[in-house]
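J.: Residue numbers (numbering that gives the first Met the number 0), protein chains in the order written: chain L, 0 to 161; chain G, 0 to 568.
It is worth saying that the hints were derived from the structure and are not from the lab.
Possibly wrong hints are sitting among the right ones.
[Said to hold, decoys possible] Here chain L is said to cover these stretches of chain G; the calculated rule only asks that three of the stretch's residues, wherever they fall, bring their Cβ under 8 Å from a Cβ of chain L:
1. 113 to 127
2. 293 to 305
[As the list claims (entries may be wrong)] Below, in silico cross-link-like pairs of lysine to any residue (SDA-like), each with a Cα-Cα straight-line distance of 25 Å or less:
3. Lys15/L - Thr77/G
4. Lys15/L - Lys173/G
5. Lys101/L - Glu139/L
6. Lys173/G - Asp45/L
7. Lys321/G - Leu70/L
8. Lys175/G - Lys101/L
Beta carbons: idealized from backbone N, C-alpha and C, even for Gly.
Here is what each chain is made of, one letter per residue.
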Amino acid sequence: MENKKENVISLLVNNKPDVLARVAGTLGGKGYNIETLCVDVTINPDVSKIILTTIGTKATVQKIEAQLARLIDVIKVENLTDVETVKRELALIRMALTADSKSELIRTINKLNCKILTFNSDHCVLEYRGTKCEVDKVLETLKPLGIDDVARTGIAALERKN
Amino acid sequence: MKMKGTQVLIECLKAEGVDVMFGYPGGSVIDIYDELYKSKFNHILVRHEQAAVHAADGYARATGKVGVALATSGPGATNTVTGIATANMDSIPIVVFTGQVPTHLIGNDAFQECDITGITRPCSKHNYLVRNPDELANTIHEAFHIARSGRPGPVLVDLPKNVIAAEIDYDPAKIKINATKLSLQPKPSSKKYVQLLEMLRAAKRPMLMTGGGILLGKATDELRAFARRAKLPVTSTLMGLGAFPGSDPLFLGMPGMHGTYFANMAISHCDLLICIGARFDDRVTGKIDTFASNAQIIHIDVDPSSINKNIVVDLPIVSDAKSALENINRLLKDNNYTATEAERKDWLDLIESWKKKAPLSYCQDGKIIKPQCVIETLYEVTKGKAIITTEVGQNQMWAAQFYKYDDPNTFISSGGLGTMGYGFPAALGVKLAFPDRIVVDVAGDGSIQMNIQEMATAMQYNIPVKIVLLNNGYLGMVRQWQELFYEKRYSNTDMTFQPDFLKVAEAYGWEAFRATTPDEIRPVLEKGLFSNRPCLMDFQVAREECVYPMVRPGASISEMTLGTREMTN
Ligand SMILES: Cc1cc2nc3c(=O)[nH]c(=O)nc-3n(C[C@H](O)[C@H](O)[C@H](O)COP(=O)(O)OP(=O)(O)OC[C@H]3O[C@@H](n4cnc5c(N)ncnc54)[C@H](O)[C@@H]3O)c2cc1C
Ligand SMILES: Cc1ncc(C[n+]2csc(CCOP(=O)(O)OP(=O)(O)O)c2C)c(N)n1
Ligand SMILES: [Mg+2]
Numbered sequence: 000m001e002n003k004k005e006n007v008i009s010l011l012v013n014n015k016p017d018v019l020a021r022v023a024g025t026l027g028g029k030g031y032n033i034e035t036l037c038v039d040v041t042i043n044p045d046v047s048k049i050i051l052t053t054i055g056t057k058a059t060v061q062k063i064e065a066q067l068a069r070l071i072d073v074i075k076v077e078n079l080t081d082v083e084t085v086k087r088e089l090a091l092i093r094m095a096l097t098a099d100s101k102s103e104l105i106r107t108i109n110k111l112n113c114k115i116l117t118f119n120s121d122h123c124v125l126e127y128r129g130t131k132c133e134v135d136k137v138l139e140t141l142k143p144l145g146i147d148d149v150a151r152t153g154i155a156a157l158e159r160k161n
Numbered sequence: 000m001k002m003k004g005t006q007v008l009i010e011c012l013k014a015e016g017v018d019v020m021f022g023y024p025g026g027s028v029i030d031i032y033d034e035l036y037k038s039k040f041n042h043i044l045v046r047h048e049q050a051a052v053h054a055a056d057g058y059a060r061a062t063g064k065v066g067v068a069l070a071t072s073g074p075g076a077t078n079t080v081t082g083i084a085t086a087n088m089d090s091i092p093i094v095v096f097t098g099q100v101p102t103h104l105i106g107n108d109a110f111q112e113c114d115i116t117g118i119t120r121p122c123s124k125h126n127y128l129v130r131n132p133d134e135l136a137n138t139i140h141e142a143f144h145i146a147r148s149g150r151p152g153p154v155l156v157d158l159p160k161n162v163i164a165a166e167i168d169y170d171p172a173k174i175k176i177n178a179t180k181l182s183l184q185p186k187p188s189s190k191k192y193v194q195l196l197e198m199l200r201a202a203k204r205p206m207l208m209t210g211g212g213i214l215l216g217k218a219t220d221e222l223r224a225f226a227r228r229a230k231l232p233v234t235s236t237l238m239g240l241g242a243f244p245g246s247d248p249l250f251l252g253m254p255g256m257h258g259t260y261f262a263n264m265a266i267s268h269c270d271l272l273i274c275i276g277a278r279f280d281d282r283v284t285g286k287i288d289t290f291a292s293n294a295q296i297i298h299i300d301v302d303p304s305s306i307n308k309n310i311v312v313d314l315p316i317v318s319d320a321k322s323a324l325e326n327i328n329r330l331l332k333d334n335n336y337t338a339t340e341a342e343r344k345d346w347l348d349l350i351e352s353w354k355k356k357a358p359l360s361y362c363q364d365g366k367i368i369k370p371q372c373v374i375e376t377l378y379e380v381t382k383g384k385a386i387i388t389t390e391v392g393q394n395q396m397w398a399a400q401f402y403k404y405d406d407p408n409t410f411i412s413s414g415g416l417g418t419m420g421y422g423f424p425a426a427l428g429v430k431l432a433f434p435d436r437i438v439v440d441v442a443g444d445g446s447i448q449m450n451i452q453e454m455a456t457a458m459q460y461n462i463p464v465k466i467v468l469l470n471n472g473y474l475g476m477v478r479q480w481q482e483l484f485y486e487k488r489y490s491n492t493d494m495t496f497q498p499d500f501l502k503v504a505e506a507y508g509w510e511a512f513r514a515t516t517p518d519e520i521r522p523v524l525e526k527g528l529f530s531n532r533p534c535l536m537d538f539q540v541a542r543e544e545c546v547y548p549m550v551r552p553g554a555s556i557s558e559m560t561l562g563t564r565e566m567t568n
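Using the sequences and the hints, build the whole thing.
T.: See below:
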């Protein structure tokens with residue numbers, strides 16, 4: 000069996016209400032899971048960009064791409080997995096604070112390069128930006144210190160073109 | 000020019016060349032119906048919205064034009080879903096209009112509101128909810144364009160009541176279709192065709208497998224020219240029957256689960272399989288690993304997503320079938336390539352021996368009618384010139400096996416979805432398009448009851464279609480599986496109670512005849528087929544006849560059951 004791996008697919012789509020449902024339905028309806036998803040309008044207000052990641056073999060992901068390309072509202076499909084790209088994800092992390100954990104936490108935060116957005120006696124909200132792998136690692140490190148909740152943006156990716 | 004949304008709709012339909020529409024009225028489309036009345040638009044009132052869509056679909060398959068259906072919001076719209084999914088699986092160009100509650104009520108659970116664009120998203124090629132009256136005309140034209148271009152398919156346009164009631168500034172000169180993507184014709188590099196010719200030259204046992212794409216792409220003549228010049232035996236999927244003449248010696252019949260012994264043997268032994276406009280459906284391939292395992296495969300298809308989907312091929316060519324075949328034929332001509340008798344002799348002789356060993360056959364003895372004999376006699380009596388639609392099940396398979404289709408678009412059947420109840424309403428659409436042809440729905444006793452109400456439509460509009468009912472008192476195809484794979488536990492397939500189909504037909508004003516013995520087959524057909532009235536012919540056939548050959552689900556197509564004999568090679 001061929002290896003499964005994470006694939007980053009970038010789509011240009013018409014900026015219309017039901018387009019995301021079409022894209023999600025195309026994957027979900029055929030049994031493929033969307034791992035991360037990141038959507039916003041482009042500099043052209045009629046066009047949105049969807050960046051999603053999904054795990055699969057090369058053959059399956061090619062099938063997914065062909066299916067997505069069939070959608071009338073999809074303008075362009077690009078697989079950025081093996082392309083020279085910059086990939087970033089942003090995570091907001093709320094930590095529950097206790098008297099014991101505070102100083103240890105501050106030390107860790109400094110080491111990890113996290114930004115502190117809010118800080119009060121019970122909670123603090125941190126921001127971390129990095130590759131998916133780096134975000135995973137930061138969360139792993141913070142976990143024993145009491146993570147209350149996390150919001151991740153999903154991966155944004157852009158070809159370098161050098 | 001200022002006009003009402005409903006008028007814009009009619010103007011757009013006229014501009015698209017629509018000459019008939021099938022539909023059923025209701026509150027949210029009553030304004031459209033008023034406009035149909037005023038403009039005397041040709042509209043056929045069916046008795047169930049599912050039938051409207053199948054009729055539009057039958058019309059589209061027979062003519063190659065876009066079929067059109069109309070239904071009201073809510074239940075009217077949901078009733079169209081089976082028809083849309085049927086057209087979607089077989090890539091048939093239709094446009095379905097549905098009514099919708101006014102835009103300000105959408106999302107409020109308003110009376111007869113239903114999210115039909117949400118429901119049909121996964122089973123249509125595309126759909127629209129028109130929210131802005133100014134977009135009405137563009138959207139309608141875009142819908143037709145999408146339905147017919149590239150790989151065709153059904154498009155639904157949902158029309159809120161206030162949008163079609165609005166005053167619109169309509170200027171046909173300003174119509175702009177925003178679907179440039181669809182107008183792009185894929186142009187494969189000419190190297191691919193050169194490679195195809197090389198592979199063809201090198202092959203000792205080459206053959207063609209063709210499908211619905213030949214009919215959809217109107218590439219019949221080009222296919223015939225290619226096959227004859229290269230002397231290639233041709234097998235055609237269920238959806239492609241008629242593209243290559245059924246009576247041509249090079250024709251092998253259908254491949255797959257109920258395909259012919261010789262088509263399946265040829266696929267299993269060929270060394271080059273050129274597949275055009277077929278999508279390697281599981282009914283065709285059987286066990287994937289052993290399908291055409293001795294062959295290099297070339298696949299020509301207009302839809303990139305069909306290629307390498309089920310079968311990984313050696314030479315993929317993304318192209319419209321007609322332009323691909325034109326390119327190939329030109330290349331053969333430029334290279335002075337014509338296959339010689341001598342170079343094909345061994346291969347064609349081998350195929351001939353398979354044809355002799357196991358032709359399509361059945362045994363008509365005794366006093367009970369064999370269903371295959373009805374179809375064969377139908378072929379003789381109509382001299383092969385009828386247009387046949389089918390229901391689904393054994394009746395469909397026998398209609399595919401025992402009638403020879405010499406012309407494109409003369410075999411019309413729900414292949415991908417396998418929709419019981421398709422054939423009869425489809426026949427109505429076909430007959431409206433071709434009033435001078437004999438149009439016959441080959442039906443089963445189960446399927447016909449799924450849209451039997453359309454007998455009224457046939458009478459109201461004087462559409463003299465014919466129903467040849469292969470009445471076995473069973474959901475025969477399911478019963479066959481129960482016989483073969485479930486030790487004859489006939490769970491809920493015995494339709495013990497049956498209406499008297501003759502009386503049903505007569506109650507609607509139809510002619511109706513019955514045959515109970517083999518010698519009655521021909522006289523009943525001769526009485527029923529040539530009159531100018533709708534007619535049902537009830538053939539009381541052998542109850543437990545099975546369709547053979549049969550490839551068991553999951554088996555290789557070279558392993559066929561031929562009734563009493565097992566055949567493997
Ligand atoms: C009870 C039952 C039993 C069945 N048994 C069999 C069987 O034994 N054998 C059999 O063959 N079928 C059988 N079928 C039918 C089967 O389910 C499929 O519907 C059928 O095999 C598909 O045909 P196709 O591959 O030609 O594809 P279609 O569904 O006709 O698809 C057409 C293909 O052509 C492409 N295309 C469209 N337009 C163009 C163009 N302009 N140029 C090039 N390509 C184009 C499309 O992209 C698509 O890939 C059975 C169905 C039922 C209900
Ligand atoms: C709408 C629908 N429901 C169920 C099926 C499953 N099915 C396939 S063939 C068949 C039996 C059809 O019976 P009949 O119309 O009498 O045809 P026969 O096989 O007896 O010729 C059934 C139930 C189907 N294809 N379509
Ligand atoms: Mg039956």
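J.: Hints first: check each against the structure and report whether it holds.
T.: Taking the hints in turn, this is what the structure says about them:
1. 113 to 127: Contact hint for the region 113 to 127 of chain G vs chain L: holds, 6 residues under 8 Å.
2. 293 to 305: Three-residue rule met by the region 293 to 305 of chain G, so holds; n is 3.
3. Lys15/L - Thr77/G: holds, 24 Å
4. Lys15/L - Lys173/G: Roughly 22 Å separates the two Cα atoms, so the pair holds.
5. Lys101/L - Glu139/L: holds, 18 Å
6. Lys173/G - Asp45/L: Judged against 25 Å, a Cα distance of about 20 Å means the pair holds.
7. Lys321/G - Leu70/L: Judged against 25 Å, a Cα distance of about 24 Å means the pair holds.
8. Lys175/G - Lys101/L: Given that 25 Å is the threshold and the Cα spacing comes to 63 Å, the pair is violated.
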